[in-house]
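K.L.:
One-letter residues, chain by chain:
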Amino acid sequence: MKKLLWAERQKIRRSNIVWIAVFATVMVAVIVFLGGQEVYEGSRNIDNAGWYMTMAQPWATIFVLPAVIALLGSYMICREEQEDTIKSLRLIPVNEASLTAAKMIVTFVFSILLYLLLFAITFLVEAFLHFSDLSVEMVLGFLKAYFLDGFGIFLAISPIIAFVSRMKKGYWLALLFAEIYSFAGLFMSMSNFTKALYPITAVFTISGYYDASTNQVILSCISLLLCCYLSAFILKGREKSK
Amino acid sequence: MNDFVIETKQLTKVYGEQTAVNSVNLHVKKGRIYGLLGRNGAGKTTIMKMILGLTSITSGEVDVFGKNIKGREKRVYPRIGAIIETPGFYPNLTGTENLEIFAKLRGTAAPHAVENALKVVGLPYKGKKLFSKYSLGMKQRLGIANAILHDPELLILDEPTNGLDPIGIAEVRDFIKNLSVERGKTILISSHILSEISLLADDIGIIDHGVLLEESSMSELEKKNRKYILLQVSDIPKASLILERQFHLKDYSVQDDHTLRLYDTALDMGEINKALVTQNITVISSQLCNDTLEDYFKKITGGEGIA
Numbered sequence: 001m002k003k004l005l006w007a008e009r010q011k012i013r014r015s016n017i018v019w020i021a022v023f024a025t026v027m028v029a030v031i032v033f034l035g036g037q038e039v040y041e042g043s044r045n046i047d048n049a050g051w052y053m054t055m056a057q058p059w060a061t062i063f064v065l066p067a068v069i070a071l072l073g074s075y076m077i078c079r080e081e082q083e084d085t086i087k088s089l090r091l092i093p094v095n096e097a098s099l100t101a102a103k104m105i106v107t108f109v110f111s112i113l114l115y116l117l118l119f120a121i122t123f124l125v126e127a128f129l130h131f132s133d134l135s136v137e138m139v140l141g142f143l144k145a146y147f148l149d150g151f152g153i154f155l156a157i158s159p160i161i162a163f164v165s166r167m168k169k170g171y172w173l174a175l176l177f178a179e180i181y182s183f184a185g186l187f188m189s190m191s192n193f194t195k196a197l198y199p200i201t202a203v204f205t206i207s208g209y210y211d212a213s214t215n216q217v218i219l220s221c222i223s224l225l226l227c228c229y230l231s232a233f234i235l236k237g238r239e240k241s242k
Numbered sequence: 001m002n003d004f005v006i007e008t009k010q011l012t013k014v015y016g017e018q019t020a021v022n023s024v025n026l027h028v029k030k031g032r033i034y035g036l037l038g039r040n041g042a043g044k045t046t047i048m049k050m051i052l053g054l055t056s057i058t059s060g061e062v063d064v065f066g067k068n069i070k071g072r073e074k075r076v077y078p079r080i081g082a083i084i085e086t087p088g089f090y091p092n093l094t095g096t097e098n099l100e101i102f103a104k105l106r107g108t109a110a111p112h113a114v115e116n117a118l119k120v121v122g123l124p125y126k127g128k129k130l131f132s133k134y135s136l137g138m139k140q141r142l143g144i145a146n147a148i149l150h151d152p153e154l155l156i157l158d159e160p161t162n163g164l165d166p167i168g169i170a171e172v173r174d175f176i177k178n179l180s181v182e183r184g185k186t187i188l189i190s191s192h193i194l195s196e197i198s199l200l201a202d203d204i205g206i207i208d209h210g211v212l213l214e215e216s217s218m219s220e221l222e223k224k225n226r227k228y229i230l231l232q233v234s235d236i237p238k239a240s241l242i243l244e245r246q247f248h249l250k251d252y253s254v255q256d257d258h259t260l261r262l263y264d265t266a267l268d269m270g271e272i273n274k275a276l277v278t279q280n281i282t283v284i285s286s287q288l289c290n291d292t293l294e295d296y297f298k299k300i301t302g303g304e305g306i307a
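From first to last, the protein sequence lines are chains G and B.
Under UniProt numbering, residue 242 is the last one in the first sequence; the count climbs by one each step, no gaps.
Under UniProt numbering, residue 307 is the last one in the second sequence; the count climbs by one each step, no gaps.
Do not rely on the hints blindly, as some may be mistaken.
Here are the simulated BS3-like cross-link-like pairs (lysine-lysine), alpha carbons at most 30 Å apart as the crow flies [unchecked claim]: (1) G:K3 <-> B:K126; (2) B:K133 <-> G:K3; (3) B:K30 <-> B:K126.
So, partial list: chain G residues that the calculated Cβ filter (under 10 Å) puts toward chain B [said to hold, decoys possible]: (4) T85; (5) I105; (6) D133.
It should be emphasised that the hints constitute simulated quantities derived from the structure, not laboratory data.
Quick reminder that beta carbons are idealized off the backbone N, C-alpha and C, glycines included.
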């Protein structure tokens, strides 16, 4: 597994999709920053300590990051077939289940890193604007929330990565499916039950973005674990179908 | 225990209604170059894929290194290097970076394995050019480098000179020959180019429409295709006796009930005709013939020639 993880890291060097994902993360930070220029009760939103770090989470999660993470994950899996490298890997031979697992682990790490990048941008901007208003407790709280967002979003979108990999119709479909899936979170967040159940919004329940009861947190954990199980089931079926 | 590195028995592959490979019995001997010759679509790649376990076998058997391959026999893979169709690599990486990945995943222990493999095929080590910018010839060379990276005993090369320029073809040919002669590698190579196979192979298999029409050593094939005198007579046993006793001839073959091939073309045909007629053997015809390998290919495939 160590070799496979090393190989996966090598394979995404100079990959455009990685830069697309980084660019999308920076762009969502810029858009939220511009949204923060709106004046509310005599002051700009962005001038309120914690506003930027709070608002970047749902904006990034509902509109951008799940799609780019799903794109990256399915690209990593689908490219072996599309670039015909799977033939050479099979002749080594490489265990395909381990290969897929390595790709999922890299996607998982990437998901966390993207959220941490977003955290770093929002924190630096907040520190630049009003450093004295930020407390260590607040910053660490946001750091934890972003980390859990990255963790949870990977679990939430993992069935899409698995499904698109199985379809073999091109990894760009993952972007489309994940975008629809994450955007639907906007409507699911309107009820306390559905927001804890729907995987995308369940992430917020766990990360602490929503004030949630213990029951809601448990429901959200179950929802995300089911996603994890579903993706494992789909990927297992994919291996069998080969 | 035979000395075949690869042996197929009634190997068959059916895609839907179409039989791509039909009851092929292939025998690749240790330390020799076996050339699988056939037109595009004849079934060469499918045979190689079945040997490597890259496609399922409809019926029949494949033995590699004496082991029966059922599905993907992973134990034999480290002993094989292969290039099938166009070699696939990661376009965003350089040739060296691509090979380093495969070397690491293979667990290639030899130091400088990547550097040596690239040197053999004439590609630069640590070159900056990405695989996506490679020409077809460079891609093919990198595929060969990947196949020899782990110093395998058996090489399975599917049209390895595809896309190479004439100098590149000659270089690859020499290098393949050296692998067999100097390092004792067994090589199964496919091509639709007859001249390439004739210059390289020790043994040859001619395949057409999924059927292996002929399998013999190159020397036997050359013997069949060398200059000869075609002699048609009324009584073959009697004529043979005269040729052997009177003219001390041994290098000849009987083709059918009335036809002989005499491979010593320096014979005095006048004297032979006279001797046969004296013994009441009717000489129907006698002529000097010279079949080329292409003529032979045409003859056995019953169709057009090959490049």
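K.L.:
Each hint should be assessed against the structure and marked as holding or not.
P.N.:
Results for each hint:
1. Between the alpha carbons of K3 (chain G) and K126 (chain B) the distance comes to roughly 21 Å, so the proposed pair stays at or under 30 Å and holds.
2. Annotation: proposed proximity of K133 (chain B) to K3 (chain G) holds, straight-line Cα distance about 27 Å (limit 30 Å).
3. For the proposed pair K30 (chain B) and K126 (chain B), the alpha carbon gap of about 35 Å is over 30 Å, so the pair is violated.
4. Of the supplied interface hints, the one on T85 (chain G) holds, with its beta-carbon coming within about 4 Å of a beta-carbon of chain B, less than 10 Å.
5. Look at I105 (chain G): its Cβ only gets to about 16 Å from chain B, farther than 10 Å, so that hint breaks.
6. This hint is violated: D133 (chain G) has a C-beta 44 Å from the nearest C-beta of chain B, more than the 10 Å allowed.
Violated hints, listed in ascending order, are 3, 5 and 6; each of the other numbered hints is respected by the structure.
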